[in-house]
Amino acid sequence: MNLPILNTLASLVQDQKVAVPSDPTAEGTYWFPVQASTLAEKSDWTFYYIYWVSAFFTALIVAAMVFMAIRYRYRKGVWEGEASPGHSWTLEITWSIIPFLLTIVMWWSGFKSYMYSDTVPPDAYTIQVTAQQWSWEFEYPNGAKTYKELHLPVDTDVTFVMKSKDVIHGFWIPAFRVKKDVVPGRYTKTWAHPTMEGQYTLFCTEYCGTNHSQMMVQVTVEDQDSFDKWVAAQADPSAGLTDVEYGKQIWSQQCIACHSNDGSVVIGPSWKGTWGTEREFEDGSSAIMDENYILNSIVDPNSQLVKGYPPAMPPYKDLSQDQVDGLIAYIKSLGN
Amino acid sequence: MHHSEEKPGYDLGHPASMKMLWSIFGALLVLTVLTVAVAQFNLGAIDFSIAMIIATVKATLVAVYFMHLNHDKGVNRLLFIGAILFAGLFLAIALGDVSEYHHEIEQHRIDNPDYMKKVG
Amino acid sequence: MSSSTHEDRPEWLAHFFETPEQQFEAGKLGMWLFLVTEVLFFSGLFCAYAYYRSHHPEMFVDAHFFLSTKMGAINTVVLILSSFTMATAVRNAQMENRTWLIRNLVITLVCAFGFLVIKAMEYTHKFHSGLFWGRSYAPNEVALEEYNTAIVAAGREPLANLSQLPDLHQFFSIYYCMTGLHGIHVVLGIVAIGLLLRRAIRGDFNRHYFTAVDGVGLYWHLVDLIWIFLFPLMYLIH
Amino acid sequence: MDTHHNDHGSDHGDGSNYLNATSGIWSWMFTIDHKRIGVMYTFGTIGAMMLGGLFALLVRLNLWVPDGVFDNNTYNQFFTLHGAVMVFLFVIPGIPGALGNFVLPLMLGAKDVAFPKINLLSLWLWAIGALFFVAVLVTGGIDTGWTFYTPYSVTNDSSMVFAVLGAFILGFSSIFTGLNFIVTVHRMRPKGMGWFNMPLFVWGIYSTAVIQVLATPVLGITLLMLAVEKMAGLGIFDPSLGGDAVLFQHFFWFYSHPAVYIMILPAMAIISELMATFSRKKVFGYTLVAYSSIAIAAFGFLVWGHHMFTSGQSAWAGLVFSTLTFSISIPSAIKVFNWLSTMYKGSVRLDTPMWYALAFLWMFTIGGLTGMFLGTMGTDVHLHDTYFVVSHFHYVMVGSIMFAFFGGLHYWWPKMFGKMYNEFMGKLGAVLIFLGFNVTFFPQFVMGSRGMPRRYANYLPEFQELHQVSTVGAFILGIGVAVGVWTLFSSIFLGKKAPDNPWGGTSMEWETATPPIEHNFHDTPSVKPVYDFSPLVYNEATGNWDRIAEESGDNHG
Ligand code: HEA
Ligand code: HEA
Ligand code: CUA
Ligand SMILES: [Cu+2]
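Chains as they are written, first to last, in the numbering used here: chain A, 2 to 337; chain B, 14 to 133; chain C, 28 to 265; chain D, 995 to 1551.
Source of the hints: derived by calculation from the structure; they are not laboratory data. Note that the coordinates shown come from a computational prediction; the quantities given were computed from them, not determined experimentally. Among the hints, a few may not be true.
Claimed, not checked - Facing chain D, a subset of chain A residues (Cβ under 7 Å, in silico):
no.	residue
1	Pro-34
2	Ile-51
3	Val-63
4	Arg-74
5	Trp-90
6	Thr-91
7	Glu-93
8	Ile-94
9	Ser-97
10	Met-107
11	Pro-122
12	Pro-123
13	Val-168
14	Phe-204
15	Thr-211
Stated by the list, open to error - Pair ranges (Cβ atoms, derived):
no.	chain 1	residue 1	chain 2	residue 2	range
16	D	Ser-1520	C	Asp-231	49 to 57 Å
17	C	Ile-178	B	Gly-57	15 to 23 Å
18	C	Glu-85	B	Arg-90	53 to 61 Å
19	D	Leu-1048	A	Glu-246	46 to 54 Å
Cβ coordinates follow ideal geometry from the N, Cα and C atoms, glycine included.
Using the sequences and the accompanying hints, generate a full structural model.
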């Protein structure tokens, strides 16, 4: 039997010594994933600084506590402690000033790295990010849109201009130490300068409902050439696909979080075997699942709320005619 | 009913004089008329300030005389003023922050006219 | 320190207090603390008000054409009068003038009801015009006409359609929240003054024991004080 | 030996005390006796803690495997209910409601709090609030997280309105408790007890009360607006109607940051008592420890935006909030170092309450110092909304507050119920809780920083080991809690009769009978210099610390 707990216990003891990363291409350290952006180097320094200050004070306090609990323990019959002063200004001032000075350093270095991450470079490569329950959309300057993956060129400043269609989401790439909430009704911005090619993960870090924990995307950092090729290819996503295939692709990128193709219910109704059937709505009316109904369900889902389901679906107004045709073809292909 | 009539030292209140109460009442009425009257003219930006100054004067009269803060214990005075300062602090910081990022909301409104649900 | 025996304690002195002063000062401090919480309670709404007014001033200017300054001003006077009679009520309680205490309280009550009636008239009128809060905001012809009359009087061009005025639903949200919460306070005040009146008629109060009158008075003045700000903030906008 | 104890406290032989003075359920439901109210709060909040703990165990169970044991929705409800129950029903009302109510008037030699009926109202409001949470459970649950962030909380379909109104009602319960205590401290102090002759517990509860009164109303209005936003669509917090989601966060944290000091200050208040009594010394730097409570309460109001560094709040505001956040570490440091110095040259006894107190010192240091990582803007960007934050706040809320609560319960339990618990079981509970706690939460720091977001029903396989350690720890912790609670409750039936002053405490609650009589004291004891241990002498035969009659000449101030 494999007991992961034991490994962890072992690593608790061993890894702690390699606290400061010497080789950033390695797996990451005990405390951090790899440092894959310029920001990471800056903010990790602050972390380790606070870390050692904390370690020192914790050790000091615990040692003093244990020592005194033993040294001055109660002895039978001797219930008077030894005479000792009740307060001391020297001590009070010392233990106020020292932490104060230490926190100034924390504050200053933290402020610097924050300002670094908050000051978006003016002419960076810009990616428009749109979040919604529970998927991400990345739009590149050439119009290409991707959903399941995010590609970035290495050693380049990249700005993310973000908005949300429904609730607050959080944009976090741990390897970059970059995080910013994506707030509906406004823009938020952040940026990164990736320094290392490789694969990382983007998480959603602001709780956004049922599938919050599945709102992850793979981030690929690659050299400029491969990146350019990749972006160019993304600009025409339907190239070489049939309508059904194209529909399936869109589904897998944007609808899969709520609609299954196998009859299981996730958030919304499954699409399997629904084509041509009669759909009943919350308000008692009904309609046949046909092209018009699907189109309406996409652009104004709450106008015909399927019985037994919450009004959870966001409207998709910016799907092109091709895309809607693809989706209809795909739903059709799932039979009735 | 009046158990302790005979006992000295039990007088806790400072009954306000009718003259004072009447004059405060009068002042409040005059100020109300004044603020409505001023509001009939469009004085631009200072309009709001005038209305608020008059309201503050009225509120102060109520607090000091009707609520007899003029006779009250220091703590009670401190509390009331503290509460107002405190609410002010909350407003100042929250609103200060909002005005820093508000352009991001405006920009979003311009770019995404359909984002907001239609009402009205 | 020995506590007094039962016989020389007035019946209105609670068993856990040593002296009437202590009881009086405790009640008073408690009341002021309560007022502190009230101020902070309202501060949230004032914050929302300040937010939207500073960022969408036009919405407030547009909206004020729907409010009747006359009604607001009358209500202000009504509340000030009630505050005055409440202040005199406290005085009469302290002076053991029961007749006038009762009269003052009755006038205060009448004013409080009057305030609510006027407020209710204003509300009904708005509902009638479809001027609801937030999501439910749906102005109808009546609203349009009213608006046009008001702006024509102010020397501006009439509108064909109220949907040209953006964001008004938010103004009405704030309007109903603030005046509504204030109205709830008036209702609670009526209950409190009513109870006070009963005790005053029964003759509970004397020059050593009038904390309840004093406390309700303070509350009532605060309700007035908030209205003193609501009036210019809602009705006197340019 | 001639003692005062017979003069003040004894029950005059008729065996009557506050527990048995009257009987029947109504005599409890409608009691205005602060001691009975305190006892009911004790049971109620321990019950809430168990319920919240049950949800915690379900959370941990789910996280045993990366794909989760329950479906996402169920998990999301578990952590929301766990957080909401623990915060609103357990830690905020816990110490002030249970121990504050019982002890505070006794410490002041008073017969009751200033407004006993309002005190009862607080308790009822607590119970009604709890019922609202039950209503949430039976009407489909809520999955917004305890922070109720808009617009998720107004668009999703759940019994969120019940939860919000429940929290609103609990807010008023808390306001009234605070109001009552402030007036009690101002107006009910006995003659001769100046502000700096008050036990530090009173100082702590007093500073807590100040925050309760000033901050909670803002939560009240926020929740009210939120409920209306949800039901009627106001457009103040909901961006799709023109509102602002970040504004909601300002409103929420304006209360909820100070709220963490509503939770910790009473815990610190207990620790001051425990450190003094079990070291047999006046708390070192008494005056500064007293002032630091006020300082924490005051600074605590100015830092709320440190929860919003990544929220879209402006850098300007972030800078102000980060700067002010560090100011809290100074009064906290003062407290920690003064407690520590109290032991110096003391006479340290390691009874169960002191085990909890020492564990508190350690855990609070870790919890507080990890707050520094979060208050620093640069590092918080990475750590925000990860398990690092989860671990931080459990170090302060479980490792510090729950520990202090248990310490305080073990300290005053004999006074409350007149029975001594089993010392061995008490210590066993403390050890299990300490071990279980650290095994649960230390790994969470590591996984958070490595990239594990919070509120995740499932996670990447690389975090599994750490999650499993954490889950094992949680169950050890659960057993520890069960042992601790059992030890206390069983003592009511099995315990030996407790003496009036089993630990040698100096404050006035130890001068009355155990359990106290209905009106606390037959004769109010005289005010003595605070924390003067010299007149107390241990009596082997009775297990009581007797107070020597004549005022002893040398007192260690
Ligand atoms: C009782 C509860 C409690 C307490 C006491 C604290 C205390 C502190 N907390 Fe914590 N906190 C929470 C409960 C608490 N917190 C909760 C519940 C959350 C999450 C809410 C949510 O999102 O769900 C949170 C989240 C939280 C955040 C937001 C994190 C994020 O979401 O990104 C921050 C950021 O600044 C923070 C900071 C602090 C600080 C600086 C203190 C300080 O008060 C600590 C001061 C103490 C010390 C510093 C230790 C003693 C001092 C010494 C031993 C001397 C040496 C000191 C130095 C050298 C500095 N906390
Ligand atoms: C005082 C507050 C408090 C306390 C005491 C605790 C106690 C515990 N908490 Fe909690 N926690 C919070 C406040 C608290 N928590 C908050 C505010 C959140 C955030 C919620 C959110 O994100 O919105 C949170 C979130 C939270 C998470 C993160 C969830 C997520 O982000 O996905 C986790 C995960 O491990 C966790 C675990 C625990 C554990 C193991 C305990 C243990 O200490 C519990 C120990 C107690 C017991 C185990 C009970 C013992 C009783 C029995 C065994 C008897 C059985 C019961 C009955 C018979 C009824 N908590
Ligand atoms: Cu999107 Cu969490
Ligand atoms: Cu905080």
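Phe-204/A as chain D interface residue, shortest Cβ-Cβ below 7 Å = Result: holds, 5 Å to nearest chain D Cβ.
When the least beta-carbon distance from Pro-122/A to chain D is tested against 7 Å, hint result = violated (15 Å)
Chain D contact restraint on Thr-211/A - CB to CB distance below 7 Å = holds (5 Å)
Evaluation of the interface hint that places Thr-91/A against chain D, nearest CB under 7 Å = It is violated, given that the least Cβ distance between Thr-91/A and chain D is near 11 Å, above 7 Å.
Answer holds if the nearest beta-carbon of chain D is closer than 7 Å to that of Trp-90/A; otherwise answer violated.
-> violated (9 Å)
Can we keep the Val-168/A interface hint, with Cβ of chain D closer than 7 Å?
-> holds (4 Å)
Hint validity - Pro-123/A Cβ closer than 7 Å to any chain D Cβ | Not OK, violated: Pro-123/A not within 7 Å of chain D, min 16 Å.
Answer holds if the nearest beta-carbon of chain D is closer than 7 Å to that of Ser-97/A; otherwise answer violated.
-> holds (5 Å)
When the least beta-carbon distance from Ile-94/A to chain D is tested against 7 Å, hint result | violated (10 Å)
Is it true that Leu-1048/D and Glu-246/A lie within 46 to 54 Å of each other by Cβ?
-> Between Leu-1048/D and Glu-246/A, where Cβ atoms are some 49 Å apart, the hint holds.
Is the hint on Ile-51/A kept, meaning its closest Cβ partner in chain D is under 7 Å away?
-> holds (5 Å)
Glu-85/C versus Arg-90/B beta-carbon gap, inside 53 to 61 Å or not = Hint violated: Cβ distance 40 Å, outside 53 to 61 Å.
This entry does not satisfy hints 5, 6, 8, 11, 12, 16 and 18, going by the numbered hints stated previously.
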